[in-house]
Structure formats: structure tokens, C-alpha cells
Amino acid sequence: MEIKSSSNSITITGNIKTIADLQLIKQTIDAVAATHKSLIINIVDSLSITSSVIGYFNKLVLKDKVDIRLNVGNEQLLHLLDDLNLLSTFKAQRSL
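Position 4 of the sequence shown, counting from 1, maps to 8 under this note's numbering, and the rest follow consecutively.
Treat the hints with care, since some could be wrong.
Here are the simulated SDA-like cross-link-like pairs (lysine to any residue), alpha carbons at most 25 Å apart as the crow flies [as the list claims (entries may be wrong)]:
1. K69 <-> S13
2. K21 <-> M5
3. K41 <-> G59
4. K21 <-> N75
5. K67 <-> I23
6. K8 <-> N75
7. K67 <-> Q97
8. K63 <-> H40
9. K69 <-> A37
10. K95 <-> T17
11. K30 <-> F94
12. K8 <-> K30
13. K21 <-> Q97
14. K8 <-> K69
15. K69 <-> N12
16. K8 <-> L81
17. K67 <-> Q27
18. K63 <-> A24
19. K8 <-> H40
20. K41 <-> Q80
21. K30 <-> E79
22. K63 <-> I44
Calculated from the structure, these hints are not laboratory results.
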């Protein structure tokens, strides 16, 4: 997994599957969220995301009041978020 940030936009490429991935995502997003309360998170090609990442995103939205817009490149991941009723919470949509 690789992660890049620019202004309030974060782009994640590769599969999100390990605790190390979670730590890297948290470090990057926490640094960006320190100066921006609205984030655009692009998950380019991951097939799924771990429950710990979902929990972290939930904390950002519900507790820290960070506005997240999640752009998902993989349709399978978008269906997973839909099955978990998280599309509206994360403002998730399919990116092209």
C-alpha cells in the first residue's frame, strides 16, 4: 500500500490489509486533519478495507466531526460499504 497527500486530498493505492497500513493511514490523515476539517480520500484500487480502518473513519466523522468524502475506485469495495450502510456516513462514491 502507498499513500500520498496534497492539501486536503489523500490518495491510497494498493490493497489495505495490515496493521502497518492502518498506522500509515492514521499518521497521514491525522496530519492533514490538523489543518483541514474536510477531507477527500481516494482509495484507488483496494478490494476491501480492514475493520480497523472503517472504525478509524467512523471516529473521524462521528467524534472528531471531520467531513470525509470517500472516492472508491473498486466496485466491490463500494458494495461492501453499501452493505455496511456506510455510503452516506463517508459520502462514498465510485471514482472513475
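Comparing the hints with the structure gives:
{"no.": "1", "hint": "K69 <-> S13", "in the structure": "holds (17 Å)"}
{"no.": "2", "hint": "K21 <-> M5", "in the structure": "holds (8 Å)"}
{"no.": "3", "hint": "K41 <-> G59", "in the structure": "holds (18 Å)"}
{"no.": "4", "hint": "K21 <-> N75", "in the structure": "holds (18 Å)"}
{"no.": "5", "hint": "K67 <-> I23", "in the structure": "holds (22 Å)"}
{"no.": "6", "hint": "K8 <-> N75", "in the structure": "holds (14 Å)"}
{"no.": "7", "hint": "K67 <-> Q97", "in the structure": "holds (22 Å)"}
{"no.": "8", "hint": "K63 <-> H40", "in the structure": "holds (16 Å)"}
{"no.": "9", "hint": "K69 <-> A37", "in the structure": "holds (10 Å)"}
{"no.": "10", "hint": "K95 <-> T17", "in the structure": "holds (19 Å)"}
{"no.": "11", "hint": "K30 <-> F94", "in the structure": "holds (16 Å)"}
{"no.": "12", "hint": "K8 <-> K30", "in the structure": "holds (12 Å)"}
{"no.": "13", "hint": "K21 <-> Q97", "in the structure": "holds (21 Å)"}
{"no.": "14", "hint": "K8 <-> K69", "in the structure": "holds (22 Å)"}
{"no.": "15", "hint": "K69 <-> N12", "in the structure": "holds (15 Å)"}
{"no.": "16", "hint": "K8 <-> L81", "in the structure": "holds (20 Å)"}
{"no.": "17", "hint": "K67 <-> Q27", "in the structure": "holds (19 Å)"}
{"no.": "18", "hint": "K63 <-> A24", "in the structure": "holds (19 Å)"}
{"no.": "19", "hint": "K8 <-> H40", "in the structure": "holds (16 Å)"}
{"no.": "20", "hint": "K41 <-> Q80", "in the structure": "violated (28 Å)"}
{"no.": "21", "hint": "K30 <-> E79", "in the structure": "holds (24 Å)"}
{"no.": "22", "hint": "K63 <-> I44", "in the structure": "holds (16 Å)"}
In this structure, only the earlier hint numbered 20 is contradicted, and the remaining ones agree with it.
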